[in-house]
Amino acid sequence: MPEHWTVRAITRATLPLLVVLSMVELGSGLVLGSVEDTLLASPSLLVLVPVTIGTAGNLGSVLAARLSTAVHLGTVSFEADDDALVGNAVATFALAASVFPAVGAGAWVTAELVAGSTRLSPLRVVLVATVAGVALAVLAVAVTLVATYVAYVRGLDPDDVVIPVVTNACDVLGVLVLVGVAAVLAP
Amino acid sequence: MTVREVAASAYREALPALAASVVGGLFAGAVLGGMRAELGDISGLLVLVPALLATRGNVYGSLGARLATGLHQGLLEPKIDLDDDRLRGAIAAALANGVLVSVLAAIATYAALTALGSNPASLLALVLIALLAGIMSGIALTVAVVSVVIVGFRRGLDPDTFVGPVVTTTGDFVGLAVLLLATRIVAAALGGI
Chain A
24 MPEHWTVRAI TRATLPLLVV LSMVELGSGL VLGSVEDTLL ASPSLLVLVP VTIGTAGNLG
84 SVLAARLSTA VHLGTVSFEA DDDALVGNAV ATFALAASVF PAVGAGAWVT AELVAGSTRL
144 SPLRVVLVAT VAGVALAVLA VAVTLVATYV AYVRGLDPDD VVIPVVTNAC DVLGVLVLVG
204 VAAVLAP
Chain B
46 MTVREVAASA YREALPALAA SVVGGLFAGA VLGGMRAELG DISGLLVLVP ALLATRGNVY
106 GSLGARLATG LHQGLLEPKI DLDDDRLRGA IAAALANGVL VSVLAAIATY AALTALGSNP
166 ASLLALVLIA LLAGIMSGIA LTVAVVSVVI VGFRRGLDPD TFVGPVVTTT GDFVGLAVLL
226 LATRIVAAAL GGI
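As they're listed, the protein sequences go chains A and B.
First residue of the first sequence: 24, per the working numbering; consecutive thereafter.
First residue of the second sequence: 46, per the working numbering; consecutive thereafter.
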């Protein structure tokens, strides 16, 4: 982090990563664009887009922040039987399994309020959100473990690297998984 | 701690912030669901949404982290003083980078859709929408981040623990609402798109 907080120094430090991340996000935008007609015809799926992206990113960033702290404190070993590792992974699944059904129900109600008649039944939307959420929890755990481990092995501060990488990866995966699950369960 | 204890404490600590972000996300979803007419009319707008939202999070999350570190290190006085060179530099850099990356994303969206044989809205329209939305959401997020981080620090809180959720939640409430506003302004100014 530059000591001199000038526009030039901060831009030089952050702009390259910002541009790369926005181009990766453009990839997930193109996936959304490819199913635009389905999304416009099913407002509950459209409502699910930002909330799924945000919740997946948050699940990943919470796990990343906790693992980063554990790395700093030296309380994590990256073994398959490590209690801190397994416990945090279990918590991520439990959080996804309890939050995403509510996300689905909330999305259906929101779509009903803003768009009137919705194409999909509430149960169907809850099912799409829950399946997508649990799949995303698996991916968020995998991405976070790999990113934290790489940062740890290379001696990078996980706080600087892991959180932006994990949050943006979970954003993109959120769109891909939601579009994939919706194509199967709510064609 | 056993696995069960670690999992239970991680679950309890994360649930409130996650639940709050779901409420913000549903608001963003309501705005997106309510702008189907604009999304249908302006081809490429939906493609731009993830890049614009992520740029907000990345730029202003980084501003928040920078301010928090500066306060911890004593580089920054815990008061909102726009004559302070460091604070002014950090804010100007965030606004400039946020707007620049938004405009780049609009140009890249136009280029990608054209290359894929789609027929996007005009480059001018997409760039103007990204520019206006970038400026408006940048101002809102700067005010939220700077005031919350500095006031929180002065009250003895560690900004590192709440700056992430503040950026996410403000971004959810402001990001898409501002995109809709920008789209309507540009559509009116260009006389339909």
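Treat the hints with care, as some may be off.
Residues of chain A placed beyond 12 Å of chain B at every Cβ, according to the derived structure [stated by the list, open to error]:
1) Gly-97
2) Val-161
3) Pro-210
What follows is a list of derived Cβ distance ranges for each label pair [as the list claims (entries may be wrong)]:
4) A:Gly-50 x B:Asp-203: 44 to 54 Å
5) A:Leu-179 x B:Asp-203: 14 to 24 Å
6) A:Val-157 x B:Ala-233: 37 to 47 Å
Just so you know, these hints were derived from the structure itself, not from any lab.
Note that the structure is predicted; figures quoted are calculated from it, not measured.
Cβ atoms here follow ideal geometry from the backbone N, Cα and C, with glycine treated the same way.
query = Among the hints numbered above, which are violated by the structure, and what are their numbers in rising order?
reply = 4
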